[in-house]
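Enquirer: Listed below are the residues making up each chain.
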Amino acid sequence: MARPIPPLPRDMRNTVLPGHAACHGCPITIGLKVVGAAFGNKVILVIPACCTSVVVGAWPGNAFNGSIVHVAFASAAAVASGIAEGLRKRGVKDVQVIAWAGDGGTADIGMASLSGAAERNNDFIYIMYDNEAYMNTGIQRSSATPPGAWTTTTPLGKLEPKKDVARIMIAHGVPYVATASVGYPHDFYAKLKKAARIRGFKFIYLHAPCPTGWRFDPAHTIKIAKLAVETGLLALYEYYDGRIHLSGPSRPYIDKSKRKPIEEYLKLQGRFKKIRDEDVKVIERYVDNMWEWIKKHI
Amino acid sequence: MPKVVLTGNYTVALAAKMARVEVVAAYPITPQTSIVEKLAEYIDKGELDAIMIRVESEHSALAATFGAAVAGARAFTATSSHGLLYMHEWVHWVSRARIPVVMAIVTRTIGTPWNIWSSYEDFFGQRDTGWILGFAMDNQEVFDMTIQAFKISEDPRVYLPVLIGLDAFTLSHTTMPVDTPEQEELDKWLGPRRQGYVINGSEPLALGNLAWPEDSEEFFMDLQRGMEEAKKVIREVDESYGKAFGRKYGGLIYRYRCEDAKYHVIAMGAWSGDLMEAVNVLREEGYPIGLIRMRFIRPFPDEEMYEILNGSKGVIVFDRAISFGSLGPLYLDVAANLTKYTHKLPYMRNIIAGVGGVNVTHKDFYELVKTTIDDLEKGVEPPVFTWYHRR
Amino acid sequence: MAEIIPIQYKVPLAKPKVGVAGKTGSWRWIKPIVDNNKCVKCFQCEIYCPDNTITVDPEKGATIDYDYCKGCGICAEVCPVKAITMVKEA
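Chains as they are written, first to last, in this note's numbering: chain A, 618 to 915; chain B, 1089 to 1479; chain C, -3 to 86.
Warning: the hint list may mix true and false statements.
Unchecked claim - Listed next, the in silico DSS-like pairs over lysine-lysine satisfying Cα-Cα at most 25 Å (straight line): (1) C:K13 <-> A:K659; (2) B:K1432 <-> B:K1401; (3) A:K877 <-> A:K913; (4) B:K1319 <-> C:K6; (5) A:K840 <-> C:K27; (6) A:K710 <-> C:K11; (7) A:K840 <-> C:K34; (8) B:K1091 <-> B:K1331; (9) C:K27 <-> C:K11; (10) A:K810 <-> A:K659; (11) C:K56 <-> C:K27; (12) B:K1276 <-> B:K1350; (13) A:K840 <-> C:K37; (14) B:K1432 <-> B:K1336; (15) A:K884 <-> C:K78; (16) A:K877 <-> C:K78; (17) C:K11 <-> A:K659; (18) C:K56 <-> B:K1320; (19) B:K1320 <-> B:K1401; (20) A:K840 <-> C:K11; (21) A:K912 <-> A:K877; (22) A:K706 <-> B:K1133; (23) A:K873 <-> A:K779; (24) B:K1276 <-> A:K706; (25) A:K840 <-> C:K6; (26) A:K706 <-> B:K1105; (27) A:K659 <-> A:K706.
Think of the hints as simulated: they come from the structure by calculation, not from any bench.
Make a model of the complete structure from these sequences and hints.
Expert: The following block contains the structure:
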């Protein structure tokens, strides 16, 4: 008797259609496969200017097998709020509204509309996929670029720390905040399904290593995504009911001794080639502080 | 039909309520604020079955209004001046998506410096965006035009958003009598929301994917066709509203004493009322003067404009805004559109006044028009461009 | 319900379509070859392929659609039994 095909990958089939315009090894389309698996084509993605705007291809074709409303750069959260309320008024209940935006469109130009939607608790899922720079316009720094990273506007390495948008969303008091990674699709899938069952504003941070912008061999996208978790740099968690719920893949790394050295993550990426030792120390301190905060809020 | 006495802003709110809007996303700005407050009150009292999204900026206001409209709801917003400028990129996005939406603009001067009084540069800033642009003279017309805006924008021959302008304070905060229809009659006349497509999950549709140049230009040429069709639709809606509720204005242009006019004045907005007073006095003194009051400047009533001005001995266009480095925007539109029909233009004069909200009275209008006609009759041509400023 | 009277004008509405960027298999310089004798049908390659070009049959193993495979190499790296090798494109 034939073995059944598990939900992932079974439900990923026919979600992202081959022949799209993404770079080799792009994490965005891996993320979109998970979204498609979770909701089928009963999903409306609200997409501001970002890589995805172009990856899905030119009119009259669309590489994503679901609905998309492309919007002006700063307003993904505002349009998603409007669609959610319009559907609610019209009694349409069976479609998931998702704002799908990059780190630039969320943490920088989109910050005000993000905060507004979160404060109003509008009913949709906001997914910020973080490739840690303005990739679509050619790798300029964003507030989510990590310190020490090369970008075209920080050729000597970014000085400022990385803006932690997930914690900003926690501070807004929204019903559900989660961090996820394209390296852990089952974890991301479970978080999408859980978010869909909650009424109100849900925020999911999705770590998305970009071969083109981070300067690595596209074959390593998943290895690097996993290293971010294995070094403790990225903690996968959910925040609801007033506390952190650490996700399975991150649980071992609450113990500092289990974390792989940061260098293993940095040395694979060309953008950190010239990183100074003091920047590495800054990153290590950041990791330690983050885990202290997590331990206090579990 | 119930007659009420309302400020312009409350009139806008009442019209939106009677049109049964379903989603309102708006941000307060002087002098529009009481529109939003009134709508919030209607909703909380249960008089209006709508959802209000209390957005955090005007850019998000039109974004959220658009979102609700794309999802199938009759959506409405209102703003003014800097708020309108803040949402300007969205003004383009909505019309190019061919999504029906109605927006009220209380026209207010743009800074630097801060200034809350009426002039029309915020309105004219939307001239090229593909929105149908209408402007009211009194609160009755504010009511009628706001209601009609829904019917015009949701007409399948049009499917374009509509913007209705009203003067800051002169209309927005001044009470005037407004005649309103019975709700059931209005429901029958207006009907439920119509749109050309909806994105609600019923089928996978992507709005706004990147488009190559040739495809893009074809979308925009079709937008221009929609504008052309809108001229017909605006006239039909005016006629049909007149039949149903007893008031019609003449479509895109309201003609006042133009039948036997040899000289013409052109204006738009609340000060047209003062201009009408001046026209009346001048007529009594024997001046063959007529007023062309613009109700809609987009689509521009080019054919009708030529029809009225053909054979005119002199035309004055009053502009309550200036395109810095050039002339008044209404004058630019009138003069250029006439060249579609003739290259022998009548003598045309552009008078800029009231910019920054300076009060222009019927006495000012009387003086300006009288001296212009007297000069022309003597064979003297007054300067084409004048900025009339009075302390 | 909003009454939908279809718009007669050209609008920027797109529908799902395979190959919006053409036959992206032409982007390859290296090509994944699957040894289905080694394949344990774990589905990792199918899950992680960014272009959704891999289909795993639970009995037969992995098939790759070379019309669209860009040759990124993720499948070869995530395969736990090294059943996929990247070879230079001819």
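Enquirer: Next step is simple, just say for each hint if it's right about the structure.
Expert: Consistency of the hints with the structure:
A threshold of 25 Å between alpha carbons decides the hint, and for K13 (chain C) with K659 (chain A) the separation of about 17 Å falls inside it, so the pair holds. Taking the CA atoms of K1432 (chain B) and K1401 (chain B), the gap is near 12 Å; set against the 25 Å cutoff, the hint holds. With a C-alpha separation of about 22 Å, the suggested pairing of K877 (chain A) with K913 (chain A) holds against the 25 Å cut-off. For the hint pairing K1319 (chain B) with K6 (chain C), the CA-to-CA distance comes to about 20 Å; that is within 25 Å, so the pair holds.
Straight-line distance between C-alpha atoms of K840 (chain A) and K27 (chain C) comes to about 19 Å, which keeps the hinted pair within the 25 Å bound. Of the supplied pair hints, the one linking K710 (chain A) and K11 (chain C) holds, its CA atoms being roughly 22 Å apart against a limit of 25 Å. The straight-line distance between the Cα atoms of K840 (chain A) and K34 (chain C) is roughly 21 Å, inside the 25 Å bound, and the hint therefore holds. For the hint pairing K1091 (chain B) with K1331 (chain B), the CA-to-CA distance comes to about 18 Å; that is within 25 Å, so the pair holds.
Between K27 (chain C) and K11 (chain C) the CA atoms are separated by roughly 30 Å; this puts the pair beyond 25 Å, and the hint is violated. The straight-line distance between the Cα atoms of K810 (chain A) and K659 (chain A) is roughly 13 Å, inside the 25 Å bound, and the hint therefore holds. Between K56 (chain C) and K27 (chain C) the CA atoms are separated by roughly 20 Å; this keeps the pair inside 25 Å, and the hint holds. The straight-line distance between the Cα atoms of K1276 (chain B) and K1350 (chain B) is roughly 43 Å, outside the 25 Å bound, and the hint therefore fails.
For the hint linking K840 (chain A) to K37 (chain C), the alpha-carbon distance of about 20 Å falls within 25 Å, and the restraint holds. At roughly 33 Å between alpha-carbon atoms, K1432 (chain B) and K1336 (chain B) are farther apart than 25 Å, so this suggested pair is violated. For the hint pairing K884 (chain A) with K78 (chain C), the CA-to-CA distance comes to about 24 Å; that is within 25 Å, so the pair holds. Taking the CA atoms of K877 (chain A) and K78 (chain C), the gap is near 24 Å; set against the 25 Å cutoff, the hint holds.
For a cut-off of 25 Å, the pair hint linking K11 (chain C) to K659 (chain A) stands: about 14 Å separates their Cα positions. Restraint check for K56 (chain C) and K1320 (chain B): the C-alpha separation of about 65 Å exceeds 25 Å, so the hint is violated. For the given pair, K1320 (chain B) sits about 29 Å from K1401 (chain B) by alpha-carbon distance, which is inconsistent with the 25 Å threshold. Taken as a hint, the K840 (chain A) and K11 (chain C) pair is broken in the structure, with Cα atoms around 34 Å apart against an allowance of 25 Å.
A C-alpha spacing of about 19 Å is found between K912 (chain A) and K877 (chain A), which places the hinted pair at or below 25 Å, so the restraint holds. Of the supplied pair hints, the one linking K706 (chain A) and K1133 (chain B) holds, its CA atoms being roughly 17 Å apart against a limit of 25 Å. Among the hinted pairs, K873 (chain A) with K779 (chain A) is consistent with the structure: their alpha-carbon atoms are about 21 Å apart, no more than 25 Å. About 21 Å separates the Cα atoms of K1276 (chain B) and K706 (chain A), which keeps this hinted pair within 25 Å; it holds.
Using a Cα cut-off of 25 Å, the hinted pair K840 (chain A) and K6 (chain C) is violated, with the two alpha carbons roughly 45 Å apart. With a CA separation close to 15 Å, the supplied pair K706 (chain A) and K1105 (chain B) stays within the 25 Å bound. A hinted pair counts as satisfied when its Cα atoms are at most 25 Å apart, and K659 (chain A) with K706 (chain A) qualifies at roughly 18 Å.
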